[in-house]
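Start from the sequences and build out the full structure, keeping to the hints where you can.
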Amino acid sequence: MTLGSFLDMGGYAFYVWTSYGITTAVLLFNLLAPIVQRKQLLRQLALKQKRPQR
Amino acid sequence: MSFIPAPISRFFHRTASPPHFYALANRFIPWLTVLFLLLLIPGLYGGLIMAPTDYQQGDSYRIIYIHVPAAWMSLFIYVLMAVMGGIALIWRMKLAEVMLISSAPIGAGFTFIALVTGSLWGKPMWGTWWVWDARLTSELILLFLYLGVISLHGAIEDKRNAARAVSILALVGVVNIPIIHYSVEWWNTLHQGPTVSKMDKPSIHISMLIPLLLMAVAFKVYYAIALLQAAKLELLKRESSAQWVKNLLEKTV
Amino acid sequence: MEHLPQIKLEVADLSCSRDDRLLFSGLNFSLSPGQVLLLEGSNGSGKTTLLRVLCGFREADDGQIFWSGQPITESTFFADTAYVGHADGTKKELTVAENLRFALALSRSGKYSIEAALEKVQLAGYDDNLVQTLSAGQKRRVSLARLLITDKILWILDEPFTSLDRQGITLIENLIYEHVKQGGMVILTSHHDLSLPQMNLQRIHLDSCH
Amino acid sequence: MSLTQAFWAIIRRDLLLAFRRRAEMANPLLFFVMVVTLFPLAVGAQPNLLQTMAPGVIWVSALLAALLSLDGLFRSDFEDGSLEQLLLSPHSLSILVLGKIVAHWLVTGLPLLLIAPLLALFLGLPERAMPTLWLTLILATPVLSLIGAIGVALTVGLRRGGMILSLLVLPLYIPVLIFASNAVDRAASGLPVTAQINILLSMFLLSLVLTPLPTAAALKMSVN
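Protein chains in written order, with full-length UniProt numbering: chain X, 1 to 54; chain V, 1 to 253; chain B, 1 to 210; chain G, 1 to 224.
Treat the hints with care, as some may be off.
To be verified - Below 25 Å or equal to it, Euclidean Cα-Cα: the simulated DSS-like pairs (lysine-lysine) are:
id, chain 1, residue 1, chain 2, residue 2
1, B, Lys120, B, Lys139
2, V, Lys220, X, Lys50
3, B, Lys92, G, Lys220
4, B, Lys181, B, Lys8
5, V, Lys246, V, Lys94
6, B, Lys111, B, Lys181
7, V, Lys237, V, Lys123
8, B, Lys92, B, Lys120
9, X, Lys48, V, Lys246
10, X, Lys39, V, Lys159
11, V, Lys94, G, Lys220
12, V, Lys251, X, Lys48
13, B, Lys8, B, Lys111
14, V, Lys251, X, Lys39
15, V, Lys237, X, Lys48
16, V, Lys246, V, Lys159
17, V, Lys94, X, Lys50
18, V, Lys94, X, Lys39
19, V, Lys123, V, Lys246
20, B, Lys111, B, Lys139
21, X, Lys50, V, Lys237
22, G, Lys220, V, Lys159
23, V, Lys94, V, Lys159
24, V, Lys246, X, Lys50
25, V, Lys159, X, Lys48
26, V, Lys220, V, Lys94
27, X, Lys39, V, Lys123
28, V, Lys237, V, Lys251
29, X, Lys39, X, Lys50
30, B, Lys92, B, Lys139
31, B, Lys120, B, Lys181
Said to hold, decoys possible - Pair ranges (Cβ atoms, derived):
id, chain 1, residue 1, chain 2, residue 2, range
32, G, Ser76, X, Ile35, 43 to 49 Å
33, V, Ser240, B, His86, 27 to 33 Å
34, G, Asn198, B, Ser32, 55 to 61 Å
Treat the hints as calculated values from the structure; they're not laboratory data. Idealized CB from N, CA, C, for every residue including glycine.
Below, the structure written as structure tokens:
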């Protein structure tokens with residue numbers, strides 16, 4: 001089996017690879033979004049803590 | 001918690017305390033990620049390369065390796081959310097509230113994937129992007145249920161109230177899911193809708209089945225990782241003024 | 001109003017926060033028949049929140065509330081407690097008498113009849129007026145009449161003096177005095193100082209409860 | 001001050017209130033008629049087409065009318081403090097809430113029965129389907145009120161609860177829609193409908209037993 005025929009998916013390349021692509025995108029988003037937001041939150045909280053307490 | 005033996009109850013309380021859970025999550029995430037890759041890579045290899053081409057559907061059937069596990073996950077996560085909701089309502093456990101809320105977007109994500117891949121799988125079969133097939137229709141309704149949970153949580157300002165509301169909603173939803181599912185299935189046979197549920201045939205070849213199961217377990221592990229990440233964020237948001245968060249900040253800065 | 005002597009409201013180590021801000025913590029007090037508790041504190045100090053926690057509308061973060069030695073959810077607390085809050089709890093499309101009769105259907109009847117209670121709060125003859133035709137002060141009096149027609153031991157009053165004139169304020173003070181003398185209990189918040197002599201009055205200042 | 005007395009007192013009070021606000025109460029009914037009227041204008045007035053669509057059109061409109069009327073269920077009680085008084089009563093809140101739902105159904109669900117023959121006439125639904133249409137309305141509109149009550153109880157404290165309410169409630173209405181419109185459809189073709197009616201009946205009983213508790217819990221959350 002060649003790489004070309006693998007990518008071609010028996011003529012169904014568009015359907016198969018779009019499916020896998022969208023799945024990857026959604027799963028990555030749900031994984032990375034909380035990480036990015038947490039980093040931001042931690043940065044904000046750290047800034048708040050450094051500021052002198054009222 | 002009177003009917004749970006004291007040591008177990010103590011264990012739960014310790015694990016469920018936010019700082020302890022946060023540290024535990026950090027410890028588990030790398031191991032889970034390794035496990036996920038160990039399942040995903042052979043799953044994908046088996047599904048996309050090893051498994052033979054289907055004599056009816058050609059290679060397009062390879063979409064089931066994500067469609068079917070995603071559909072399973074969408075239901076599994078909703079049921080789990082209802083369980084968390086029950087725990088949150090009965091024992092007032094904060095961690096259960098956090099887990100419930102953190103699960104919702106992940107579950108909605110899987111439902112969305114199941115819908116889109118179902119549509120992409122169906123297009124070459126049916127010649128149209130959307131048919132009112134029983135499974136797709138149920139998934140669509142499930143997506144509405146998830147969106148209801150997410151928007152209700154977003155609309156209520158007080159976080160404890162929001163968690164309570166969402167717990168009630170998840171429990172009501174989970175009672176309704178089987179009713180909705182069977183109504184839709186019955187409605188579908190009635191109107192002679194098309195069905196291509198490959199999974200209903202018991203004669204699936206073993207070389208096709210193994211990658212499917214691998215992918216299903218891989219998705220479960222992914223859910224665990226994503227859930228821990230989301231729960232960490234939610235805990236920080238809720239407890240931002242607690243002492244353990246301050247200690248954490250001092251350590252990182 | 002034959003109340004057993006062991007009736008008592010006890011609050012132990014209560015704390016409550018709102019939007020991440022601690023309102024009060026480690027709050028302890030107890031209230032016996034014949035006592036009045038006045039909650040003081042600046043705006044936003046958690047007076048209303050405390051009252052709502054006592055009514056069971058809101059959950060405290062920590063601590064317990066006991067009624068006659070039992071947690072309130074397992075006691076007769078809700079049968080024994082009346083609440084008058086910012087909202088009157090009356091239906092504006094119903095008449096005064098209809099509103100009061102409905103309140104009576106939900107709880108034990110007290111020693112005042114509807115007519116007697118209306119006379120007491122100086123609303124005699126208003127039975128058949130729709131509540132929406134009353135002034136704010138008169139509406140408040142209707143909710144006070146509700147206290148009189150039902151048999152409740154503990155009155156929880158949130159700012160009962162707002163929108164009342166001098167005469168109305170004296171009226172409430174007298175009602176409170178009478179209720180307490182007969183073995184009732186009252187918890188209230190107010191900016192106005194109670195001008196009642198020889199009353200068994202406790203004060204809690206919420207700004208200092210941290 | 002027994003529980004039954006309190007239950008009837010609530011129904012009586014809410015009916016009286018509905019009578020005093022009768023102008024408002026007619027709105028969902030008018031809405032029901034309006035929506036049904038729109039369909040022939042949108043899809044064309046061919047009798048065959050209308051007749052096949054009639055059960056679905058009537059039931060979708062009934063669903064939307066029920067949804068529209070839901071907002072009034074707890075809104076005014078929440079705003080004027082009556083809800084707090086109910087919560088403080090020693091009676092089980094679930095039962096009191098059930099009283100409110102019964103009153104609400106009598107005012108908003110029952111009138112749909114009266115107007116239904118007119119709509120059936122508009123859409124050319126065969127006469128033999130009328131008894132079934134009535135029966136489905138009697139059995140299924142209470143289910144809509146009962147399930148809807150949970151949604152309203154969850155959203156009554158929100159400033160813009162309306163949109164969220166429909167998102168929460170409409171998916172849960174789907175089984176009712178499927179079986180009720182199918183029953184009417186079959187009756188129109190002269191087929192037996194016992195199975196559908198039995199299912200609707202069990203949905204009614206199930207929701208009668210299961211919904212008051214979460215509604216009460218949700219109201220407590222909203223008052224909080």
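Hints, verified against the model:
no.: 1; hint: Lys120/B / Lys139/B; verdict: holds (14 Å)
no.: 2; hint: Lys220/V / Lys50/X; verdict: violated (40 Å)
no.: 3; hint: Lys92/B / Lys220/G; verdict: holds (23 Å)
no.: 4; hint: Lys181/B / Lys8/B; verdict: holds (16 Å)
no.: 5; hint: Lys246/V / Lys94/V; verdict: holds (19 Å)
no.: 6; hint: Lys111/B / Lys181/B; verdict: holds (15 Å)
no.: 7; hint: Lys237/V / Lys123/V; verdict: violated (43 Å)
no.: 8; hint: Lys92/B / Lys120/B; verdict: holds (21 Å)
no.: 9; hint: Lys48/X / Lys246/V; verdict: holds (10 Å)
no.: 10; hint: Lys39/X / Lys159/V; verdict: holds (21 Å)
no.: 11; hint: Lys94/V / Lys220/G; verdict: holds (18 Å)
no.: 12; hint: Lys251/V / Lys48/X; verdict: holds (15 Å)
no.: 13; hint: Lys8/B / Lys111/B; verdict: holds (22 Å)
no.: 14; hint: Lys251/V / Lys39/X; verdict: holds (14 Å)
no.: 15; hint: Lys237/V / Lys48/X; verdict: holds (14 Å)
no.: 16; hint: Lys246/V / Lys159/V; verdict: holds (21 Å)
no.: 17; hint: Lys94/V / Lys50/X; verdict: violated (29 Å)
no.: 18; hint: Lys94/V / Lys39/X; verdict: holds (22 Å)
no.: 19; hint: Lys123/V / Lys246/V; verdict: violated (53 Å)
no.: 20; hint: Lys111/B / Lys139/B; verdict: holds (21 Å)
no.: 21; hint: Lys50/X / Lys237/V; verdict: holds (18 Å)
no.: 22; hint: Lys220/G / Lys159/V; verdict: holds (15 Å)
no.: 23; hint: Lys94/V / Lys159/V; verdict: holds (11 Å)
no.: 24; hint: Lys246/V / Lys50/X; verdict: holds (11 Å)
no.: 25; hint: Lys159/V / Lys48/X; verdict: holds (21 Å)
no.: 26; hint: Lys220/V / Lys94/V; verdict: holds (23 Å)
no.: 27; hint: Lys39/X / Lys123/V; verdict: violated (41 Å)
no.: 28; hint: Lys237/V / Lys251/V; verdict: holds (18 Å)
no.: 29; hint: Lys39/X / Lys50/X; verdict: holds (17 Å)
no.: 30; hint: Lys92/B / Lys139/B; verdict: holds (9 Å)
no.: 31; hint: Lys120/B / Lys181/B; verdict: holds (17 Å)
no.: 32; hint: Ser76/G / Ile35/X: 43 to 49 Å; verdict: holds (46 Å)
no.: 33; hint: Ser240/V / His86/B: 27 to 33 Å; verdict: holds (31 Å)
no.: 34; hint: Asn198/G / Ser32/B: 55 to 61 Å; verdict: holds (59 Å)
Against the hints set out earlier in the document, violations occur for numbers 2, 7, 17, 19, 27.
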